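J.: Sequence:
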Amino acid sequence: GNVIDPFDLIGRYGTDAVRYYLLREITPFEDSDITEEKFKEVYNANLANGLGNLTARIMKMSEQYLSQCSHPRHPMSGMGVPKEYHEFMDNYELNKAMDFIWDKISELDLHIQKTEPFKVAKQDKEKAKEILRYLISELSQIAITLRPFLPETSEKILDAIKQNKMPKPLFLRKK
Numbered sequence: 001g002n003v004i005d006p007f008d009l010i011g012r013y014g015t016d017a018v019r020y021y022l023l024r025e026i027t028p029f030e031d032s033d034i035t036e037e038k039f040k041e042v043y044n045a046n047l048a049n050g051l052g053n054l055t056a057r058i059m060k061m062s063e064q065y066l067s068q069c070s071h072p073r074h075p076m077s078g079m080g081v082p083k084e085y086h087e088f089m090d091n092y093e094l095n096k097a098m099d100f101i102w103d104k105i106s107e108l109d110l111h112i113q114k115t116e117p118f119k120v121a122k123q124d125k126e127k128a129k130e131i132l133r134y135l136i137s138e139l140s141q142i143a144i145t146l147r148p149f150l151p152e153t154s155e156k157i158l159d160a161i162k163q164n165k166m167p168k169p170l171f172l173r174k175k
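Position 20, counted from 1, in the sequence shown is what my numbering calls 20; the numbers after and before it change by one each time, with no gaps.
Since the hints were derived computationally from the structure, they do not count as laboratory data. Errors might be hidden in some of the hints.
[Said to hold, decoys possible] Think about it this way: if two alpha-carbon atoms lie no more than 25 Å apart in a straight line, the pair counts; the simulated DSS-like pairs of lysine-lysine are:
1. K40 <-> K168
2. K165 <-> K119
3. K83 <-> K96
4. K114 <-> K129
5. K40 <-> K96
6. K60 <-> K165
7. K156 <-> K40
8. K162 <-> K127
9. K104 <-> K60
10. K114 <-> K60
11. K175 <-> K38
12. K40 <-> K127
13. K60 <-> K162
14. K104 <-> K114
15. K114 <-> K127
16. K162 <-> K129
17. K83 <-> K38
18. K127 <-> K38
19. K114 <-> K125
20. K83 <-> K60
21. K129 <-> K119
22. K175 <-> K162
23. K38 <-> K174
24. K96 <-> K175
25. K125 <-> K60
26. K129 <-> K96
27. K127 <-> K174
28. K129 <-> K83
Nothing here was measured: the structure is a model prediction, and the numbers come from that model.
Kindly produce the complete structure, drawing on both the sequences and the hints.
T.: This is the structure:
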């Protein structure tokens, strides 16, 4: 009764979701807690409502207000990837690198709340486009830094940006 089948989790949540949980929530040198309930809570909060919702919001606005997105940087170029992220990766502090990425996701969510591009678009389309170009650039950077951890998700986000289309939900909310 106290064993969780990783293949069952992958079947229900996907490989990237299981990778996310193991890399961010499990510490390699200490005992860690994993329950189905905790996994689902983290999945819904950080993947479905966090990264998934952020991507959908940005890409929906982009598809509506921009004729095309600027192409994302080449994922392997590392251009613009913050030094702090590289330091975490170089020191094998993967959970800190993930925390860094999720801080960026939170900052981008906050930026949307502050700038309200969907409201700005009703009065000043050019200003809204400027805000959206910034959001796309930052989302692209998030996708690039996610690549070592969530390769499928990273690719879906970069693809959505390249096509300027809102993707299918990255992570479906679980009940």
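J.: Next, verify each hint and record whether it holds.
T.: Structure-based check of all given hints:
| no. | hint | result |
| --- | --- | --- |
| 1 | K40 <-> K168 | holds (20 Å) |
| 2 | K165 <-> K119 | holds (20 Å) |
| 3 | K83 <-> K96 | holds (13 Å) |
| 4 | K114 <-> K129 | holds (15 Å) |
| 5 | K40 <-> K96 | holds (21 Å) |
| 6 | K60 <-> K165 | holds (7 Å) |
| 7 | K156 <-> K40 | holds (22 Å) |
| 8 | K162 <-> K127 | holds (22 Å) |
| 9 | K104 <-> K60 | holds (20 Å) |
| 10 | K114 <-> K60 | holds (18 Å) |
| 11 | K175 <-> K38 | holds (13 Å) |
| 12 | K40 <-> K127 | violated (39 Å) |
| 13 | K60 <-> K162 | holds (14 Å) |
| 14 | K104 <-> K114 | holds (15 Å) |
| 15 | K114 <-> K127 | holds (14 Å) |
| 16 | K162 <-> K129 | holds (16 Å) |
| 17 | K83 <-> K38 | violated (32 Å) |
| 18 | K127 <-> K38 | violated (41 Å) |
| 19 | K114 <-> K125 | holds (17 Å) |
| 20 | K83 <-> K60 | violated (31 Å) |
| 21 | K129 <-> K119 | holds (12 Å) |
| 22 | K175 <-> K162 | violated (32 Å) |
| 23 | K38 <-> K174 | holds (12 Å) |
| 24 | K96 <-> K175 | violated (29 Å) |
| 25 | K125 <-> K60 | holds (15 Å) |
| 26 | K129 <-> K96 | violated (33 Å) |
| 27 | K127 <-> K174 | violated (36 Å) |
| 28 | K129 <-> K83 | violated (29 Å) |
In summary, the structure is inconsistent with hints 12, 17, 18, 20, 22, 24, 26, 27 and 28 from the numbered list given earlier, while agreeing with the others.
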